[in-house]
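Chains as they are written, first to last, in this note's numbering: chain A, 1 to 280; chain B, 1 to 456.
Hint data in this document are derived by calculation from the structure and do not stem from the laboratory.
Given the structure is predicted, the values throughout are model-derived calculations rather than measurements.
Be aware that a few hints might be false.
[As the list claims (entries may be wrong)] Within a straight-line C-alpha distance of at most 25 Å, the following computed DSS-like cross-link-like pairs (lysine-lysine) qualify: (1) B:LYS267 <-> A:LYS264; (2) B:LYS423 <-> A:LYS260; (3) A:LYS264 <-> B:LYS140; (4) B:LYS140 <-> A:LYS2; (5) A:LYS233 <-> B:LYS401.
[Stated by the list, open to error] Ranges of calculated distance between the beta carbons of each label pair, as one might list FRET restraints: (6) B:LEU405 <-> A:LYS11: 41 to 51 Å; (7) A:LYS79 <-> B:SER364: 51 to 61 Å; (8) B:ILE10 <-> A:SER229: 23 to 33 Å; (9) B:GLU327 <-> A:GLU250: 36 to 46 Å; (10) B:LEU405 <-> A:GLU231: 15 to 25 Å.
[Claimed, not checked] Computed from the model, here is a short list of chain B residues facing chain A with C-beta under 10 Å: (11) LEU247; (12) GLN270; (13) ASN345; (14) GLY359.
C-beta atoms are modelled at their ideal positions from N, C-alpha and C, and glycine is treated no differently.
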Amino acid sequence: MKTSNLIVEKKKLAYGIHMFWIENELVANNAKAGQFVIFRIHENGERIPLTIAGVKDGTFRVIVKAVGKSTYELCRFEKGDKIIDIVGPLGQPSEIKNYGNVLVIGGGVGIATIIPIVKELKNHRNRVDVILAARNKDYFVLEEEFKEVDNLYFVTNDGSRGMKGYAHEMMEKLLKKKKYDISWAIGPSLMMKACSEVAKKYDLKIWVSLNAIMVDGTGMCGGCRVRISDELKYTCVDGPEFDGRLVDWESFNTRLIQYKEEEKLALEKYLEKVGEPTWL
Amino acid sequence: MAVKDRIPPIERDPQKRAKDFFEVSLGYDEERAVLEAQRCLQCSIPTCVKGCPVGIDIPGFIKQIAQKNFEEAYKILKDYNSLPAVCGRVCPQEIQCEGACILNKAGKPISIGNLERFAADWASKNNVEDEIQIDKNQNKKIAVIGSGPSGLTTSAELAKKGYTVDLFEVFHTPGGVLVYGIPEFRLPKDIVKKEVSFLEKLGVNIILNIPVGFAIHPQEILENYDAVFIGVGAGTPKFMNIDGTELNGVYSANEFLTRINLMKAYKFPQTDTPIKFAKKVVVIGGGNTAMDAARSALRLGAEVTIVYRRSENEMPARKEEIHHAKEEGVKFLTLTQPVRYIGRNGKLIAIECVKMKLGEPDESGRRKPIPIEGSNFIIETELAIEAIGTQSNKFLLSQFKGLELNKWGYIKADEFGRTSIPKVFAGGDIVTGAATVILAMGAGKKAAYAIDQFLK
Numbered sequence: 001m002k003t004s005n006l007i008v009e010k011k012k013l014a015y016g017i018h019m020f021w022i023e024n025e026l027v028a029n030n031a032k033a034g035q036f037v038i039f040r041i042h043e044n045g046e047r048i049p050l051t052i053a054g055v056k057d058g059t060f061r062v063i064v065k066a067v068g069k070s071t072y073e074l075c076r077f078e079k080g081d082k083i084i085d086i087v088g089p090l091g092q093p094s095e096i097k098n099y100g101n102v103l104v105i106g107g108g109v110g111i112a113t114i115i116p117i118v119k120e121l122k123n124h125r126n127r128v129d130v131i132l133a134a135r136n137k138d139y140f141v142l143e144e145e146f147k148e149v150d151n152l153y154f155v156t157n158d159g160s161r162g163m164k165g166y167a168h169e170m171m172e173k174l175l176k177k178k179k180y181d182i183s184w185a186i187g188p189s190l191m192m193k194a195c196s197e198v199a200k201k202y203d204l205k206i207w208v209s210l211n212a213i214m215v216d217g218t219g220m221c222g223g224c225r226v227r228i229s230d231e232l233k234y235t236c237v238d239g240p241e242f243d244g245r246l247v248d249w250e251s252f253n254t255r256l257i258q259y260k261e262e263e264k265l266a267l268e269k270y271l272e273k274v275g276e277p278t279w280l
Numbered sequence: 001m002a003v004k005d006r007i008p009p010i011e012r013d014p015q016k017r018a019k020d021f022f023e024v025s026l027g028y029d030e031e032r033a034v035l036e037a038q039r040c041l042q043c044s045i046p047t048c049v050k051g052c053p054v055g056i057d058i059p060g061f062i063k064q065i066a067q068k069n070f071e072e073a074y075k076i077l078k079d080y081n082s083l084p085a086v087c088g089r090v091c092p093q094e095i096q097c098e099g100a101c102i103l104n105k106a107g108k109p110i111s112i113g114n115l116e117r118f119a120a121d122w123a124s125k126n127n128v129e130d131e132i133q134i135d136k137n138q139n140k141k142i143a144v145i146g147s148g149p150s151g152l153t154t155s156a157e158l159a160k161k162g163y164t165v166d167l168f169e170v171f172h173t174p175g176g177v178l179v180y181g182i183p184e185f186r187l188p189k190d191i192v193k194k195e196v197s198f199l200e201k202l203g204v205n206i207i208l209n210i211p212v213g214f215a216i217h218p219q220e221i222l223e224n225y226d227a228v229f230i231g232v233g234a235g236t237p238k239f240m241n242i243d244g245t246e247l248n249g250v251y252s253a254n255e256f257l258t259r260i261n262l263m264k265a266y267k268f269p270q271t272d273t274p275i276k277f278a279k280k281v282v283v284i285g286g287g288n289t290a291m292d293a294a295r296s297a298l299r300l301g302a303e304v305t306i307v308y309r310r311s312e313n314e315m316p317a318r319k320e321e322i323h324h325a326k327e328e329g330v331k332f333l334t335l336t337q338p339v340r341y342i343g344r345n346g347k348l349i350a351i352e353c354v355k356m357k358l359g360e361p362d363e364s365g366r367r368k369p370i371p372i373e374g375s376n377f378i379i380e381t382e383l384a385i386e387a388i389g390t391q392s393n394k395f396l397l398s399q400f401k402g403l404e405l406n407k408w409g410y411i412k413a414d415e416f417g418r419t420s421i422p423k424v425f426a427g428g429d430i431v432t433g434a435a436t437v438i439l440a441m442g443a444g445k446k447a448a449y450a451i452d453q454f455l456k
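Based on the provided sequences and hints, a complete structural model is requested.
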């Protein structure tokens with residue numbers, strides 16, 4: 001088994017959004033749509049969960065958005081560098097089967113995350129409509145990988161491409177005239193929340209992928225717990241996908257920012273050391 | 001003749017040690033060890049051995065210490081126990097070997113734990129090479145899943161018997177609870193490293209970062225190996241699940257300790273994993289994990305209170321740990337039960353508690369705590385750490401079809417770790433529920449014996 005964890009391909013897709021293909025056959029050969037890996041990039045590193053955004057020939061792909069010290073640092077890694085620790089695949093795979101009409105929404109880096117799901121849905125002969133949503137026209141990363149879908153819609157917050165507005169608005173527009181059997185929405189938590197509300201209104205099942213703060217990723221610490229209906233669930237082992245209509249979004253969103261001050265401090269200290277992050 | 005007093009180990013000053021993560025107890029020096037060892041009566045029928053889950057020749061190694069043959073003492077220990085430096089530190093000797101010592105009648109049992117630790121540390125300091133005796137190659141392969149106390153023991157025993165052992169660990173560091181759970185100040189991680197390197201010398205292949213069940217399917221393991229040992233620990237934390245459990249500032253002890261021990265968050269921002277450095281911390285529970293969490297929080301600079309629903313007498317923690325916690329300044333609020341977390345803007349600010357009284361003994365034999373109506377009160381705090389126990393971790397088990405579980409969700413296994421699948425053995429917390437390091441090691445040893453028998 002080749003588990004060198006070498007970066008075999010690296011590409012900057014947009015400002016602060018970088019793509020990596022990494023050699024690890026254990027992950028690549030076992031990964032299913034919806035699962036994630038955990039990285040540790042150096043001896044003092046934290047454990048970073050990242051959704052698997054594709055596999056090919058013993059390598060797998062992740063798309064990293066630079067949001068804090070660890071991801072700034074990771075985006076600096078180049079082809080030929082090695083990730084010291086990679087564990088995965090983790091989490092429950094997406095529930096893919098033949099549903100009929102499926103709507104899949106990807107926002108921001110979520111666009112990359114939905115690629116394996118869309119692919120699998122197509123393999124199961126679904127009719128798949130996709131909404132891609134981004135800040136502006138420069139952030140439609142990997143757009144060329146959506147060629148197989150039945151209908152592709154674009155939404156930008158600034159109107160530079162497709163509809164001006166937000167993903168959930170486009171979603172509602174489609175739901176008004178078409179019936180879907182199931183949906184996925186993956187992206188920033190505010191987008192997933194808004195889409196879940198629309199889904200609720202139209203009585204549509206919606207899967208969202210929760211990017212909770214995690215430590216081990218194996219159900220051992222409970223840090224990623226989230227309230228689903230009245231039950232506490234662990235995102236790492238019970239998820240990461242849940243029915244968005246049942247997620248307690250308020251507490252989920254607050255838990256996402258629990259280390260805001262620490263994250264700010266770590267990034268400041270890092271930037272003091274390395275200067276301008278020109279590589280982003 | 002009056003029984004001489006126990007020789008106390010050297011301990012660091014509570015005020016000083018409560019500010020860092022260095023080891024609390026320094027153990028014995030040679031002089032103290034010899035004096036303590038000379039107290040041993042060398043019983044012809046030693047009761048202490050019966051109290052030891054791995055049956056160490058206790059009078060034998062103590063006699064060698066008394067005669068200053070420290071290397072010999074170490075060798076005797078190592079014959080029975082692959083992790084003496086660990087066990088000398090973390091075993092609950094008071095209910096095992098020391099609890100069974102004849103001198104208990106005078107209230108002064110031999111400090112077997114401190115002597116064990118002394119011999120192990122002495123050997124380490126004096127670079128005593130472990131004799132590596134490996135039986136002839138058996139041409140059989142065994143997969144051990146989980147590198148905690150049971151997995152380490154099983155691997156060592158099987159490697160010595162000449163088997164090829166692949167030891168799978170999901171974390172980036174081997175050791176299981178020894179590295180993520182037990183704090184540095186009780187068990188320095190260098191000691192764990194040393195014990196792990198001994199395994200490597202025995203030829204065990206330690207394979208890190210492998211989520212068995214996900215990266216390697218159980219079916220694959222069953223096909224590729226002649227036998228499998230599962231020692232994945234109990235693992236999943238329980239929460240009281242009272243209102244506000246999802247608030248920021250509420251931790252499980254597992255998370256708090258993993259961040260600190262495995263991820264070294266106490267060095268943040270030199271390390272990348274953050275932890276909350278709070279002024280006030282409440283730890284809920286009365287076991288060893290609660291003590292570890294409380295004493296860790298103290299070292300991060302907090303004022304710490306342990307809240308426990310029964311009285312101190314019922315606390316499951318070792319007396320020594322309670323004593324150390326108190327010495328260092330942890331406050332105890334017993335007969336108190338949290339009923340609700342109170343938050344502001346998603347952050348914990350206080351806990352509403354109720355006072356308890358003790359009723360009749362329950363099924364555990366301990367007196368049952370009963371809430372006193374109308375006694376509710378509020379404790380202000382920034383963090384709450386729940387250390388109320390763990391439950392079976394389903395991470396691997398959910399993928400392992402056909403493996404029978406008991407009604408609590410742990411693996412059904414007999415005394416020798418034999419499970420419902422012929423070539424699959426299991427031991428440690430994933431069979432018994434949360435217990436001790438030494439019981440898990442005992443289970444690992446028995447399973448290694450059973451695996452050897454099975455393969456012959």
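Outcome of the hint check:
A hinted pair counts as satisfied when its Cα atoms are at most 25 Å apart, and LYS267 (chain B) with LYS264 (chain A) qualifies at roughly 16 Å. Simply put, LYS423 (chain B) and LYS260 (chain A) have alpha-carbon atoms about 49 Å apart, too far for the 25 Å limit, and the pair is violated. Among the hinted pairs, LYS264 (chain A) with LYS140 (chain B) is inconsistent with the structure: their alpha-carbon atoms are about 53 Å apart, more than 25 Å. As the CA atoms of LYS140 (chain B) and LYS2 (chain A) are separated by approximately 23 Å, the hinted pair is consistent with the 25 Å bound.
For the proposed pair LYS233 (chain A) and LYS401 (chain B), the alpha carbon gap of about 22 Å is at most 25 Å, so the pair holds. For LEU405 (chain B) and LYS11 (chain A), the hinted distance range of 41 to 51 Å is satisfied, since their beta carbons lie about 46 Å from each other. With their beta carbons about 59 Å apart, LYS79 (chain A) and SER364 (chain B) fall inside the hinted range of 51 to 61 Å. Judged by the Cβ atoms, the range 23 to 33 Å given for ILE10 (chain B) and SER229 (chain A) is violated: they are separated by roughly 55 Å.
Range check, GLU327 (chain B) to GLU250 (chain A): about 42 Å between beta-carbon atoms, so the 36 to 46 Å window is met. Distance hint check for LEU405 (chain B) and GLU231 (chain A): the Cβ-Cβ separation is about 21 Å, which falls inside the suggested range of 15 to 25 Å. Evaluation of the LEU247 (chain B) hint against chain A yields a held restraint, the C-beta minimum of about 7 Å falling below 10 Å. Against a cut-off of 10 Å between C-beta atoms, the interface hint on GLN270 (chain B) holds, since the closest Cβ of chain A lies about 7 Å away.
Because the smallest distance between the Cβ of ASN345 (chain B) and any Cβ of chain A comes to about 8 Å, under 10 Å, the interface hint for this residue holds. Annotation: interface hint on GLY359 (chain B) violated; nearest CB of chain A at approximately 29 Å, more than 10 Å.
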